[in-house]
Amino acid sequence: MATPGSPAGGSAGTPTDLGKGATGAHGEDGSAAAGAPLAVELRGITKRFPGVVANKDIELRVRRGEVHAIVGENGAGKSTLMKTLYGMHRPDEGSILLHGREVHFKSPADAIAAGIGMVHQHFMLADYLTVLENVVLGAEKAHGIGAEARRRIREISDAYALGLDPDVLVEDLGVGDRQRVEIAKVLYRGATTLILDEPTAVLVPQEVDELFGNLAELKREGLTVIFISHKLDEVRKVADSITVIRRGTTVGTADPKTTTARQLAELMVGTELPSPEIRTSTVRETPVLQLRDVTVAAPTGRPPVDDVTLTVREGEVVGIAGVEGNGQAELVDAVMGLRALAAGTVLLGPDDITAWSTRARRDAGLGFIPEDRHRQGMLLEAPLWENRILGHQTRPPAVKGPFIDRRGARTDTARIMRDYDVRAPGPDTLAVALSGGNQQKLIVGREMSAAPRLLLAAHPTRGVDVGAQGAIWRLLEEARAEGMGILLISADLDELIGLSDTLHVMLRGRLVATLDPSAVTPEELGGYMTGARTTAGAA
Amino acid sequence: MNVLRKIGLALFAPVLAVVVAVVISSAVMAALQVDPFEVFAVMVDFGDTPSQQVTALVVILNRAVPLFLAGLAVAIAFRMGLFNIGVEGQYRLATILAAGVGAAVALPGPLHVLLIVVVAMAVAAIWAGIVAVLKVTRGVSEVISSIMLNVIALGIASFLLTGPLRGSPEGASIIATAEIPESGWMPSLNGVFGLLGLATPPRQLYGFLLVAVVVGAVIAVLLNRTRFGFDLRAAGLSPSAASASGVDSRGMVVKTMLLSGAVAGLIGMPDLLGSTHAYTTDFTSGLGFLGIAVALLGRNKPVGIALGALLFAFLDRSLVPLQIQDFPASVVTIIQGTIVLAVVVANEIARRVARRSAERGSAAPAVVAGDGSTGPGQAASGAASDGGAADGGVGTGAGVSRSAGAGQRSDERQESGL
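Quick mapping for you: the protein sequence lines, in order, are chains V and R. Numbers given in the numbering used here equal positions in the first sequence, counted from 1, plus 78. Numbers given in the numbering used here equal positions in the second sequence, counted from 1, plus 12.
None of these hints come from the bench; they were simulated from the model. Some clues are possibly wrong.
As the list claims (entries may be wrong) - Pair ranges (Cβ atoms, derived):
no., chain 1, residue 1, chain 2, residue 2, range
1, R, 365, V, 430, 49 to 55 Å
2, R, 24, V, 479, 31 to 37 Å
3, V, 166, R, 237, 40 to 46 Å
4, R, 24, V, 596, 58 to 64 Å
5, R, 170, V, 226, 55 to 61 Å
6, V, 127, R, 49, 55 to 61 Å
7, V, 191, R, 252, 57 to 63 Å
8, V, 479, R, 261, 19 to 25 Å
9, R, 237, V, 427, 30 to 36 Å
Stated by the list, open to error - Quick look at which bits of chain V chain R covers, simulated, 3 or more residues with Cβ under 8 Å:
no., segment
10, 163–174
11, 459–468
Stated by the list, open to error - Listing some non-contacts, in silico: residues in chain R with all C-beta distances to chain V over 12 Å:
no., residue
12, 113
13, 120
14, 200
15, 259
16, 292
Virtual Cβ for every residue (Gly too), placed ideally from N, Cα, C.
If we strip away everything but chain V, and leave its shape as in the complex, we get (with noise of 0.2 Å):
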């Protein structure tokens, strides 16, 4: 291991090569030229959102006819990138090559005319049409809308085995077929390279199974696909190389032959910071939280959350590890009162509170640091001192009586950025003028001065430069040893193993594995993640 948390300038030019060996992939353009063609090449690829930079030297090789993987973590950047090739926006910085030569896309049209095709995660088909006029709708030119239109579906379908009628209304189709209604849209127009958002998240095993088929008959025909997930044994199962995304940049590439799930989700999550090392123990006896047998209930399939039952003590830092979308949003939302539980009970402190609405909670002294700030943590558009009031709407400063108190919420918030550190000209500048290290200071700061009795900290860090996330950790760990508990979900395995006192595993809806921080290393925390490990077969 490389000294840990060094920061390593001129780090996109090379990139890891897992398994390098076996395939010799790339690295250098001789290579490349020895091997198939690049049909996707992307150098230096950075694109800026006003706050965020969502891609940073992205490096991408994908060549003709193979089965090309992005993996990451959600938020990695790795639709940003995907966003990115299909025209959607143009990048601020780098180069586009399709098969050697550079290209600029102006809109979508330009890349399907470039042979690019997208299948979004959420189909994009009209269930009352038909196959055949959903396939040929925005692309009547191509061969019509008549019989020569139904006969080139025809041909796509068999040649790549589709198995599609193209007079099926697409309502009684199912979710696989619909899957296949998409690729047979991009091949209608013509792609070549084909894009696939998640496709899996959608299907079942046998589906999945099949569309790996279909894959294999696309890559025959000669066609470029690029993948994208964060289901590594899928991954691993299906491409010939992956690229691995994380925190906007491309991190490494692999060779799913000879890297394991293992090693794959070590390069995925990072391992690389610096974690705070928290071990006096400041553990009471008095619980703040207990969630028993709670269930959070989808309308359809599994329920994201499946019988939770864990307990946070006074001074007890909780944390839930997982690979994310395995219920831990949904988590959060529960014990915020943001989605109501088909069964079980939350407690604060003494209080039953599963009927509290989220004031009501918020009142009884729960505080909340929103995985995605933007969405729920911040009102963008308006002053700092008006955020300092969201979420405590209901006690001092900010508020006396059915007032709002001005002077008192914008001198606390001016206390708050000196105490803080929050880098902004002063409480009247609009939030969004922050970045997003000084908004996620901003929000922590507000949430500690109300003083909870249990934090709710779901990615505290995600997104912010590593001063600012050094200084949230400080702060949490201080918090702690006054005696609050800390519920802290995330995906950050450093995180979690510095500032944890109890680390529950979170898969597929349910607590799996629950960890001693102090005992566990990030490798084998990433195998319980990924299912690779469990706790009944112990390596």
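Put chain R on the given structure of chain V with help from the hints.
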């Protein structure tokens, strides 16, 4: 200076909108071979004698009062992200029922007026409440349901007018409800002109003007200075953030629509209590829709809405003089229409300008912080690549530490890049 800039930004959009509207409508007039300058001259000509001028002013104010209330009703809903198109139906139904109740009872003066006003507010609030209930229980878009309820409200109003509440004799050209007794009339403010030393005009300045001013002030305080207003605005800015902060979004929809409806109920009151004293077939219509335009023009802020209402009232007043001078009255409609369009565009431009200037605001202090990290970052890169060489082919460690650097650098840049 800061205050000046703030005012400048606030005025930028509406002024730009009015200027654009004047330019466009001038072009339209020119195309119709009407001299725009003559038209504008007629519009700003309030008459020769002091009495005429004060009368013109009274006409504008009387027209502005209901427009202001309509704009306010729409704006309350807008501030929480709800589009209450149903103001039209809400005030028409409220006015006829209030007129019916007012005519049916006899009470001492202020109480009588109060009863009429309360009935109007209650009816309109209930009518708006239906929209809210449909939205929170069945997920019906408030736009659709309020449009539909407009149609129903107008149907009920004409049924009531021709049926149960009819007060005019058979065969009268204008059907009306029974007249409200004099105790239910709102006294005019014409005494003010005497105090100011102005000529007393033949027209009555609506006493309801004072009520409208008070309502405007109350709503302004409610929205900007109270917890309720904060919750409402938060829900408008970001429904998800508001729910996470503990705002009960369903309850908020209901409360907001009730409030919006209650204010909508006041729209017909100035005319009803001040001049017509009965609901008639030719009672002022369309105020609910004009209210949407006025709210947009005023950027949903009470003071802005007042200015917008005055502008629209000024335009409306010029209808008669323009027709007397043989100019097409549609000129005014064209100007109003282009103002609304221009306002929508200008508001968006102003919003972006404000946002961009805000984003630029924080750039300066952060740059310094970003620069500081360059040194150590490069110094450490040597160590990282050494590790990579030692690990050889399976260079997990190397990759890991390198990406740490990358992550950090991009984040630092994020700090300074704003």
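Next on the checklist: Range first: 58 to 64 Å. Now tell me if the beta carbons of residue 24 (chain R) and residue 596 (chain V) are that far apart.
Outcome noted: holds, 60 Å
Next on the checklist: Taking beta carbons only, do three or more residues of the segment 459–468 of chain V come closer than 8 Å to chain R?
Outcome noted: Satisfied; 5 residues make the cut.
Next on the checklist: Using Cβ atoms and 12 Å as the threshold, tell me whether residue 292 (chain R) really stays out of contact range of chain V.
Outcome noted: holds, 41 Å
Checklist entry - When you look at the beta carbon of residue 120 (chain R), is every beta carbon of chain V farther off than 12 Å? => result holds, 33 Å
Item to check | Supplied distance hint 19 to 25 Å, evaluated on CB atoms of residue 479 (chain V) and residue 261 (chain R) | outcome: The hint (19 to 25 Å, Cβ to Cβ) holds, given that residue 479 (chain V) and residue 261 (chain R) are roughly 23 Å apart.
Checklist entry - Is it correct that the beta-carbon of residue 200 (chain R) has no partner in chain V closer than or equal to 12 Å? => result Fine: 35 Å to the nearest Cβ keeps residue 200 (chain R) off the interface.
Next on the checklist: Given the hint of 30 to 36 Å, is the C-beta distance from residue 237 (chain R) to residue 427 (chain V) inside that range or not?
Outcome noted: holds, 34 Å
Checklist entry - Taking 49 to 55 Å as the hint, is the beta-carbon distance of residue 365 (chain R) and residue 430 (chain V) inside that range? => result holds, 51 Å
Item to check | Non-interface label on residue 259 (chain R), tested against every C-beta of chain V at 12 Å | outcome: violated, 7 Å
Checklist entry - Could one say that the CB atoms of residue 191 (chain V) and residue 252 (chain R) fall in the range 57 to 63 Å? => result violated, 37 Å
Checklist entry - Does the claim that residue 113 (chain R) lies outside the interface with chain V hold up, using a Cβ gap greater than 12 Å? => result holds, 32 Å
Next on the checklist: Assuming the hint says 55 to 61 Å, is it satisfied by the Cβ distance from residue 127 (chain V) to residue 49 (chain R) or not?
Outcome noted: Because 48 Å falls outside the window, the suggested range is violated.
Checked against the numbered hints listed earlier, the structure breaks hints 6, 7, 10, 15; every other hint is satisfied.
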